[in-house]
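Visitor: Chains A and B are the protein sequences, given in the same order.
Quick note on my numbering: the first sequence kicks off at 1 and runs consecutively.
Quick note on my numbering: the second sequence kicks off at 1 and runs consecutively.
FYI, nobody ran anything at the bench for these hints, they're computed from the structure.
Where hints are given, some of them may not hold.
[Unchecked claim] Restricting the straight-line Cα-Cα distance to at most 27 Å, the calculated cross-link-like pairs of lysine-lysine (DSS-like) are:
1) B:Lys45 <-> A:Lys73
2) A:Lys109 <-> A:Lys87
3) A:Lys87 <-> B:Lys104
4) B:Lys105 <-> A:Lys61
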Amino acid sequence: MAEETKAPAAAEATGGEARPAERSERPDRGERGPRGPRTGGGPGGPREGARKYFRRKKVCKFCVERIEAINYKDVRLLAQFVAENGKIVPRRLTGVCTPHQRRLSLAIKQARNIALLPFAGRAQ
Amino acid sequence: MNRTYEVMFIVRSDMVDEDLNKLISTLESSVTSAGGTVKTEIWGKRRLAYTVRRFNEGIFVLLVIEGSGVLVREVERRLRVTEPVIKFITVRTDEELKRLEKIKKIREAHKKTSTAAAPVTPEAGAEPASAPV
């Protein structure tokens, strides 16, 4: 019963809201089409970057080497995750996992504040 | 109240050694007299990532302070007033240290149970049967 009421609503509705119950029941999402990025761990945006579908699974450097302390003081470690112009590199490029990326980003911002890393450098 | 703080500050590069030491000892004494402990590390001259008050280089000093927040507030006030200090940052580190300790302990316990090949000790906490050899 619930499925039937959802079906017409889904056909009419636009916008990429997650409908997890529906997804599990209905394997053929083809006709519903791309309505925004799939929730959950899909490939990091095949639509966004004109990149190939699956970028070979990058692993989080911190998880692999089991580095626990990400300090604002070790500039050499932090500089690996900062682009040429000083921006913090997104985790879909570096493969860092979320909790580590958060700590890393905090450390980078602290380092920027104490002039160990630039806010914006060499940006052409 | 035992909180750990790290205060890192930058002193202008054209400062003399003895003045620097005088400044540091003043700060240290203000902490110890109020009942905290302090450890100092002088990093030395480094290039700054951007120009601060028309300086491109600075002498970095790190203080690791154990004490209450009032102590640190006093230290910060002094740093703000001192002319040669051009930048400082205070980071509270006791929570982070606690977390690192916990992780270390879990890792040690894990190592012990796996190398001893003994049944898992109950105090190891959340360590399910680690691949019984």
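Visitor: Given the hinted pair Lys87 of chain A and Lys104 of chain B, is their alpha-carbon gap at most 27 Å?
Guide: violated (32 Å)
Visitor: Sort out whether Lys87 of chain A lies within 27 Å of Lys109 of chain A, counting only the CA atoms.
Guide: The given pair, whose Cα atoms are some 10 Å apart, holds under the 27 Å limit.
Visitor: Would the hint linking Lys45 of chain B and Lys73 of chain A be met if the CA-CA limit is 27 Å?
Guide: holds (15 Å)
Visitor: Decide if the proposed pair is consistent with the structure: Lys105 of chain B and Lys61 of chain A, CA atoms, cutoff 27 Å inclusive.
Guide: holds (22 Å)
Hint compliance for this structure: hint 3 is the single one not met.
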